[in-house]
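Novice: Protein chains in written order, with the working numbering: chain A, -12 to 146; chain B, 125 to 452.
Since the hints were derived computationally from the structure, they do not count as laboratory data.
Any given hint might turn out to be false.
[As the list claims (entries may be wrong)] From the structure, some residues in chain B lie toward chain A, with a derived Cβ separation under 10 Å:
| hint | residue |
| --- | --- |
| 1 | His262 |
| 2 | Gly264 |
| 3 | Arg324 |
| 4 | Gly335 |
Small disclaimer: the values here were computed from a predicted structure and weren't measured.
Here a beta-carbon is modelled for each residue, glycine too, at the ideal position from N, C-alpha and C.
This is what each chain is made of:
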Amino acid sequence: MPVNKLKTLYFSVLLAFMSLLLPWSQTALLVRPDFMLLVLIFWLIRAPNLCNVGTAWMLGLLVDLAAGMVFGQYALAYTVTAFFAVTYQRRLVLFTGVQQLLYVFSLLLISQVMLLIIKTFAGGQFIGWLYFLPSLSGVMLWLLAVGLGLNTGGRGRAN
Amino acid sequence: MARHLYNKIEQQQAPAFFVRGPSPFARLAFFSVLSLALMASDSRLQYLASMRQSLQTLLHPLQLLANAPSQLYLNTTEYFSTHDTLLSENQQLKKRDLMQSIALQKLNLLAVENAHMRVLLAAQAALKESSVAAEIMHVGRDPFTRKVLINRGQNHKILPGMAVVDAAGVIGQVTRVYPLSSEVTLITDTSLAMPVQIERNGLRAIAFGHGRDSTVDLPYLPANVDIKRGDRLVTSGIDGVYPAGLAVATVKQIVSAADTPFARIVCEPAGGVENHRQVLVVSKPQLGSITAPSLTQPVKLGLTQAKSADKKQSMPNKSVKPRDAHAR
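Can you make the complete structure from the sequences, with help from the hints?
Specialist: What follows is the structure, given as structure tokens:
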């Protein structure tokens, strides 16, 4: 197992967690992408031997703790998302850039919908369509990262 | 049997490109069940409260580190604020200080008078409360609730249930306490209800947070209720949690629809629920006489005092009726 890659993984997770902890408020909070999930999806696609559904669950618990929510809510949402990410991971090699972007977008949406379902069961109410803004900003961030030269796999790239 | 099972598992794994352990679906099922169990035990049984506390303490340094850049920015802008702004601010503050000290003198006099009146009436002493100043660290990250985190916790004697106010009025209630920080549910959160009173006519009601658009509702009041636009809501204090008389909200809109017997009353919170940094955490009111140093030396009230002392002796113990300050 490449130790270097593992270090990068830990470092990126820490970075994502720190950006989650930044004091976001009001509009910024509304558009803030889910950094943790983006990092998780990236590693699930790029290095499925290093992380798995279990990793997603652990990171979800961490986010639950940081958000001060009932334990297990983000964990469940991330688990389901990671399952879909892992299931279609091998097909991703054939995807073009746009297809991959759509794939990531749908993964982000899955996690948000899961969270919405859990929250609605717990008595929360839907806060309007702006709730899905983080998925959009997340995809933008992904696009930016790819534009800056991050290798996310897919066709036409040195894998 | 075991060998047979082992073979079966081996066969399942065979087509994988590399060894992956249990299938993603098995993992999904396992971790989903685990999450559901966690959710149930955390929300219904409260087993995990102490674990959350200790984990939150571990997280605290990271949180401070994450807050550092914005703190630095605030500090530097403060440092470079011009001479003029500081001077004008100073002047304003001095003016306000003067006005408030005059008001305070009157208040002292009134408080002393009130204390003696209460003795005369053999009423129970006014409730008193203590307070801790705190600063908002960050807004809650859960989009479904309205919460903030403040930088005072168990170590500063904060208890769950305490009221949180700012200069303009009540902003919420402490709902979770960690060693170094605590979580405040704002009055605009749907899960928070507080007993209020209309200042104009003393009508009592219960205010609920509306959640979505930073407002407060007054449900379950009849359509013909005596409430007007612009009425101020203050805490009634009958719950024993919030001190009486704190501003809560102002009535913004009253709608009485034909299809319901209730009026829909929308109020705007008085406190800067989403824009102040400094807040005050007020403890639950406790029974005790007012003992602020300025109030212990009454002015020109010797005669009344003697009289009241007589009266107090003549009616022993009748008035002492401790009130339970704990609402929960």
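Novice: Now tell me, hint by hint, if it's right for this structure.
Specialist: Hint-by-hint comparison with the structure:
{"no.": "1", "hint": "His262", "verdict": "holds, 4 Å"}
{"no.": "2", "hint": "Gly264", "verdict": "holds, 6 Å"}
{"no.": "3", "hint": "Arg324", "verdict": "violated, 32 Å"}
{"no.": "4", "hint": "Gly335", "verdict": "holds, 6 Å"}
The structure is inconsistent with hint 3 alone, although it conforms to all the rest.
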